[in-house]
Each structure stands twice: as C-alpha cells, then as structure tokens.
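Q: One letter stands for each residue in the lines below.
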Amino acid sequence: MGRDNSNLIAAACLAAFGIYVVYGGSKLSYVSDVGPGPGFFPFWIGIGFLLFGAYQMVLSYSSARRHSGHVAPLWSGSGRALGVWLGLAVAIALFRWIGFALGFVLLTIFLIVVLDRRPVGLACAIGAVLALAFYLLFEIALGVSLPAGPWGF
Amino acid sequence: MDALSNLLLGFSVALAPINLFWCFIGVVLGTVVGVLPGLGPAATIAMLLPLTLKLDSTTAIIALAGIFYGARYGGSTTSILLNMPGESSSVATCLDGYQMARNGRAGAALGISAIASFIAGTVGVLGLMLISPPLARFALRFAPPEYFALMTLGLAMVVFLAGDSMVKALLALLVGLWIATIGTDLFTAESRFTFGQAKLLGGVDFIAATIGIFAVAEVLINLESRGGGEILKIPRGIRNLLPTLQDLKDCRFAFLNGSVIGFFIGALPGAGATVASFLSYGLEKAVSRHPEKFGTGVIEGVAAPEGANNADAGGALVPLLTLGIPGGNTTAILLGGLI
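First to last, the sequence lines map onto chains A and B. Counting the first sequence from 1 gives a position; the working numbering is that position plus 7. Counting the second sequence from 1 gives a position; the working numbering is that position plus 10.
Among the hints, erroneous ones may be present.
As the list claims (entries may be wrong) - With a straight-line Cα cutoff of 20 Å, these simulated DMTMM-like cross-link-like pairs (lysine to aspartate or glutamate) come out: (1) LYS303(B) x ASP260(B); (2) LYS34(A) x GLU200(B); (3) LYS209(B) x ASP257(B); (4) LYS34(A) x ASP174(B); (5) LYS303(B) x ASP174(B); (6) LYS178(B) x GLU302(B).
It is worth saying that the hints were derived from the structure and are not from the lab.
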C-alpha cells in the first residue's frame with residue numbers, strides 16, 4: 008500500500024518557505040513613521056504560509072491514512088517537466104552570454120532531442136526557424152531588442 | 011439641448027470617413043498588441059504619440075483610443091487559445107476560456123468575448139457620455155481606506171475561485187502576495203527579497219509572472235504526458251465557430267455584470283481592469299445556478315470578465331476627460347496626447 012505524498016511534500020515545502028519569509032521579514036523594520044513598515048506584511052505572510060502549510064500537511068496525512076488506494080506518482084512525467092523547467096532556466100541564464108538566437112536553438116535541441124528523443128536534424132531546423140521568426144517579429148517588426156551574444160545576435 | 015447638440019456634433023466628427031479609417035487602424039493595431047504578451051497598450055500608445063503631430067489631433071486621439079479598446083479585447087485571444095493572458099486584464103478569461111477551447115468551443119469563446127466586449131464597451135461609452143461629471147466627483151471621494159477595501163474585496167474573490175481546496179487557494183493567494191512584496195518598499199525605500207539583484211528592485215513584472223504561471227505551466231503539463239499531449243479540438247462547421255442563441259441567452263446577466271462593474275471600477279483612479287475582471291467573474295460565479303461548473307468551460311465565465319475589462323476602458327476615461335486625472339498608465343499617456 009502506498010500513498011500520494013505530493014500534497015504532503017508541497018505543504019511541507021511551503022511551510023518551510025514560510026519560515027524563510029518570516030526570517031526575511033523580521034530583518035526589516037516592523038513599523039515605520041507612517042504605518043506598517045517593510046517587514047510587516049512579509050512577516051504575517053510568512054506566518055500564513057506556516058499555518059496553512061501545517062494545516063494542509065495534517066489534512067494530507069489524515070486523508071492518506073483514510074484512503075487505501077495506491078496512487079503512484081508519475082515520476083517519469085514529472086522528470087520531463089522538471090527537465091524542461093531546468094533547461095529553460097539554464098537557457099535564460101545563458102542568453103546574456105551567447106545571445107538569444109543560439110540559446111534558443113540549444114534549448115530547442117535539448118527539448119526535442121534529449122526529452123522527446125527525436126532526430127537532431129529536426130531539432131536544429133525547428134530551432135533555427137523559430138529563432139529567425141522571433142528575430143523578425145521582435146527585432147525587425149516591433150523594434151524590441153533581444154539579448155545579443157558576442158556575435159551581435 | 012446643449013448636451014444633445016454637443017452629442018450630435020460628436021457623432022458627426024466620429025463618423026467622418028477619415029476618423030473611422032484611423033479608428034479601424036487603431037483597433038486592429040490594439041488587438042495585435044493585446045494578443046502579444048508583454049507588449050501593452052501603454053507602450054504602443056507612447057510610441058504612437060507622434061501621430062498627434064502628424065495627423066489632425068482629433069483623428070489621432072481616436073486612433074489612440076482605438077488602440078486602447080482593441081488591446082483590451084485582444085488579450086482574450088491568447089487567453090482562450092493558449093491559456094496565456096495577453097494582458098493582465100485577461101487573466102480571468104483564462105479560467106473558463108481555455109477550458110472552452112479544450113472542449114472544442116474555442117470559436118464560441120472567442121465570439122462571446124467579442125460580443126461581450128462590444129456590449130460592455132458600448133455601455134461604457136454611454137456611461138461616459140451621460141454620467142461622467144457626478145461619477146467623477148464620487149470617484150474622487152475614494153480615499154486610501156476605500157481603495158484598501160476594494161483591493162481586499164478583489165482578493166476575497168479567491169473564495170469563489172477556490173474549487174475543492176480552500177486551503178490551497180489561500181496558500182496560492184499568499185504566494186501572490188509575497189511575490190508582490192518583492193522589490194522596494196514604497197514608504198521607506200528598503201529593499202525586500204531582492205537577493206542583492208538590482209533587477210528585482212522594481213519588483214516582479216506582472217506579465218512575466220502571469221506567463222510563468224499560465225503559459226509555462228501549461229507547457230510543463232503537456233510535456234508531462236509524453237506523446238499524449240492533448241490538442242485543442244477543432245470545431246467542425248460554421249455553427250460551432252460562433253456562440254449559439256442559447257449561449258447569448260445564458261450570458262444576459264454576464265453582459266450586464268461586466269458592463270456595470272467594469273465601468274464603475276474603471277472610473278476609480280488606480281483600480282485597474284484586472285480588479286474589474288476578477289470581481290465580475292466572482293460575481294458571475296456567485297449568482298450562477300451552477301457555480302461548481304465555473305472553471306470547466308462555462309461561457310458566462312468568459313463573457314463577464316471580458317465585458318468588464320472593456321467597460322473599464324470607458325470608465326477609465328471618466329476622470330481623465332472630466333478632471334484631467336489619469337486613472338492608470340495608459341490613460342496617463344493618453345493625457346499626453348490630449349494635451
């Protein structure tokens with residue numbers, strides 16, 4: 008018999024985050040000359056995270072004990088989603104060093120080849136076409152600058 | 011009689027072919043701007059302000075107002091088709107609009123959005139014509155406590171949007187409030203949760219946050235199921251591309267709700283179309299006979315917020331045109347054009 012721990016884990020993470028927010032808020036002044044200070048709302052928001060997170064943990068734990076069915080988490084699916092998120096984060100961080108165009112092509116290759124297991128040629132073609140489309144739309148049509156690398160794009 | 015003659019004069023100017031043409035250009039451009047996330051009507055109007063120098067000033071103002079209204083409607087397109095709000099005022103449209111698209115009723119959702127925008131926008135303009143001065147005086151009586159109460163009411167709408175778990179909804183609300191605290195405190199200029207990053211001193215950009223919440227989340231959900239991504243059902247037949255007569259009948263209250271709430275909230279300087287759209291959605295759900303269906307693709311859930319954000323545009327022009335007080339960034343830039 009297993010149980011779905013996702014709600015429990017999420018609530019625990021939020022409760023822990025609440026501790027951080029309370030700590031961050033406590034380092035700021037609680038009141039100011041004109042009323043609540045910068046630390047006022049973060050402090051009470053953090054308390055809210057703690058209380059609601061703890062309550063959700065209790066609810067999740069008690070409902071898991073009541074239900075006897077096993078709900079297997081879709082770890083393979085979650086792994087793909089997390090992989091996409093990480094790839095996107097890394098690509099965004101790299102944009103300022105290698106430019107939007109190359110960064111986007113690399114991200115597309117990662118998504119299509121690594122996560123979706125399709126041919127490299129297809130990924131390169133799609134990445135190049137989309138990067139060109141973004142360039143034409145934002146740089147040329149709208150006049151919005153995209154991050155450029157040392158090679159100018 | 012003065013009012014009537016002024017009204018007739020206004021119609022004669024507005025219906026001149028050149029003004030109709032530039033209004034059409036403005037609305038098309040505004041719709042495109044509304045569709046593109048991140049590019050708002052304020053930036054577009056700011057870029058096109060030099061039009062007031064090149065064209066007749068009345069024609070230019072009509073074009074800029076067309077952009078304003080077009081952008082409010084345009085945000086619904088990506089909200090419905092991609093679950094990605096083009097404007098902050100179209101976030102509420104995602105809740106049921108995208109679900110309608112997933113149910114094969116994208117055409118009906120887009121259609122009702124256009125109809126609701128038209129009806130509420132017209133009501134907003136009528137309200138602007140008829141009750142501007144007393145409404146502007148009333149709006150100016152709103153002080154910080156009243157604004158706080160209004161914002162709290164908007165946040166309280168989460169009660170209607172909670173679905174099965176109130177606790178999770180309240181946790182999500184707290185996450186949103188925490189994100190709003192990131193940046194510089196308005197009164198003491200102390201930085202909060204910026205982690206030493208200069209780019210966070212101005213806070214988290216609203217559009218970046220909504221794209222991350224809606225668009226990226228949707229991509230991740232689809233990627234979770236490898237090879238099983240759900241594609242939107244393509245409606246077959248002309249009949250399925252438009253809302254039915256029953257849909258229009260179901261949305262009667264939504265049209266009224268969106269028009270009234272949007273207009274009055276828009277008349278309050280600083281309130282914003284986002285508040286109006288959520289309030290309208292929450293009210294529509296509260297008075298519905300089947301509130302549990304909201305969030306699953308209910309057409310009233312599209313009509314109400316879309317009507318509200320268009321009526322809000324008319325309301326936002328009330329303090330601007332009567333007292334010279336812009337209610338938001340877009341109307342502030344419009345004021346620049348008027349001056």
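Q: Decide, hint by hint, whether the structure agrees.
A: Structure-based check of each hint:
1. LYS303(B) x ASP260(B): 14 Å, holds
2. LYS34(A) x GLU200(B): Status holds; Cα separation ~11 Å.
3. LYS209(B) x ASP257(B): 46 Å, violated
4. LYS34(A) x ASP174(B): 36 Å, violated
5. LYS303(B) x ASP174(B): Satisfied, since the Cα-Cα distance of roughly 12 Å is no more than 20 Å.
6. LYS178(B) x GLU302(B): 17 Å, holds
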